[in-house]
Amino acid sequence: EVQLQQSGPEVGRPGSSVKISCKASGYTFTDYVMNWVKQSPGQGLEWIGWIDPEYGSTDYAEKFKKKATLTADTSSSTAYIQLSSLTSEDTATYFCARGDGGSPRYWGQGVMVTVSS
Amino acid sequence: DVVLTQTPPTLSATIGQSVSISCRSSQSLLDSDGDTYLNWLLQRPGQSPQLLIYSVSNLESGVPNRFSGSGSETDFTLKISGVEAEDLGVYYCMQATHAPLTFGSGTKLEIK
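The listed protein sequences correspond, in order, to chains A and B. Just so you know, our numbering puts 26 at position 26 of the first sequence, and the rest follows in order with no gaps. To convert, count from 1 in the second sequence and add 1000; that's our numbering.
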């Protein structure tokens, strides 16, 4: 069974960074890209970017290029997103989702990030 | 970026009623490989999104066949033939033909 288990909720101070994990199981981690999606409170879905764990290659939406850094550890089948220079605009739930030929078939449970001083 | 315009923004339906949601793209979603990467997702309250339909009309495994997708190029439709209580939530179309991936603004389905 494919599972994406994300880390727990985070609270970050303005200007700091947080790093969220997404541990994959039930499939070969390097066979699929991992997408990351942001959902601000009460809002819709925004694609942040994806990482190909096999090669470490990434692609980002323009607005997230200076905000998010995607990495992957193939030894632990875990994908990460680091969010830097946090502001109130970064308060949101962040999802990882396995990319199956353009379709986000499997999703993590989401991680709530709260930016607060 | 591709803009996906979903209508209506909200939908109220009775159990058993059939409903449709429209998704219009600002540009053709037909890829050079011949596929059209237009998907439909449902996000139930408090849950992660789930894939319902991929590549316009392909029903995801385990999804009831009361859900169906149709369309081409720039105009797409999700139909629910006989709404059930568990169908409440927000429906999103999303495209993966053009980078960056983009989502529609969502359609909230309420049960009367």
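Bear in mind the hints are in silico, worked out from the structure with no lab data behind them. Some hints could be false.
[Claimed, not checked] If you want a taste of the chain A side facing chain B, the calculated C-beta under 8 Å gives, among others:
#, residue
1, V11
2, G26
3, Y27
4, D31
5, Y32
6, G44
7, A61
8, G102
9, S103
10, P104
11, R105
12, G108
13, Q109
[What the hints assert, rightly or not] Here are the simulated EDC-like cross-link-like pairs (lysine to aspartate or glutamate), alpha carbons at most 20 Å apart as the crow flies:
#, chain 1, residue 1, chain 2, residue 2
14, A, K67, B, D1001
15, A, K23, A, E62
16, B, K1108, A, E54
17, A, K63, B, D1001
[Claimed, not checked] To give a feel for the contact side, a few chain A residues facing chain B, derived at Cβ under 10 Å:
#, residue
18, G8
19, E10
20, V18
21, N35
22, Q39
23, W47
24, D52
25, Y55
26, E62
27, K63
28, Y80
29, G99
30, G101
Every residue gets a Cβ at the ideal spot worked out from N, C-alpha and C, and that includes glycine.
message: Hint validation: A:P104 versus chain B, beta carbon distance must be below 8 Å. Holds or violated?
response: Holds. Min distance 6 Å.
- request: For the hint on A:S103, just tell me whether its beta-carbon gets within less than 8 Å of chain B.
  value: Since chain B brings a Cβ to about 4 Å from A:S103, closer than 8 Å, the hint holds.
- prompt: Given the proposed pairing of A:K67 with B:D1001, does the C-alpha separation stay at or below 20 Å?
  reply: 19 Å, holds
field: Per-residue hint verdict: A:D31, partner chain B, C-beta under 8 Å
entry: 17 Å, violated
message: Interface hint check: A:Y32, Cβ to nearest Cβ on chain B, cutoff 8 Å. Holds or violated?
response: 13 Å, violated
query: How about A:G102: closest beta carbon in chain B under 8 Å, or not?
result: Holds - the Cβ of A:G102 comes within 8 Å of chain B, reaching about 3 Å at its closest.
message: Hint validation: A:G8 versus chain B, beta carbon distance must be below 10 Å. Holds or violated?
response: 15 Å, violated
Evaluation of the interface hint that places A:R105 against chain B, nearest CB under 8 Å: For A:R105, the interface hint holds, since the closest Cβ of chain B sits about 5 Å away, which is under 8 Å.
- prompt: Is the interface hint for A:W47 satisfied, with its Cβ closer than 10 Å to some Cβ of chain B?
  reply: With Cβ-Cβ at 4 Å, under 10 Å, it holds.
- prompt: Regarding the hint that A:G26 lies at the interface with chain B, is the smallest CB-CB distance below 8 Å?
  reply: 15 Å, violated
- prompt: Do the numbers back the hint for A:Y27, that is, is its least Cβ distance to chain B under 8 Å?
  reply: 15 Å, violated
field: Per-residue hint verdict: A:G101, partner chain B, C-beta under 10 Å
entry: At about 8 Å, which falls below the 10 Å cut-off, the nearest Cβ of chain B leaves the hint on A:G101 intact, so it holds.
In this structure, the hints that do not hold are numbers 1, 2, 3, 4, 5, 15, 16, 18, 19, 20, 24, 25, 28, in rising order.
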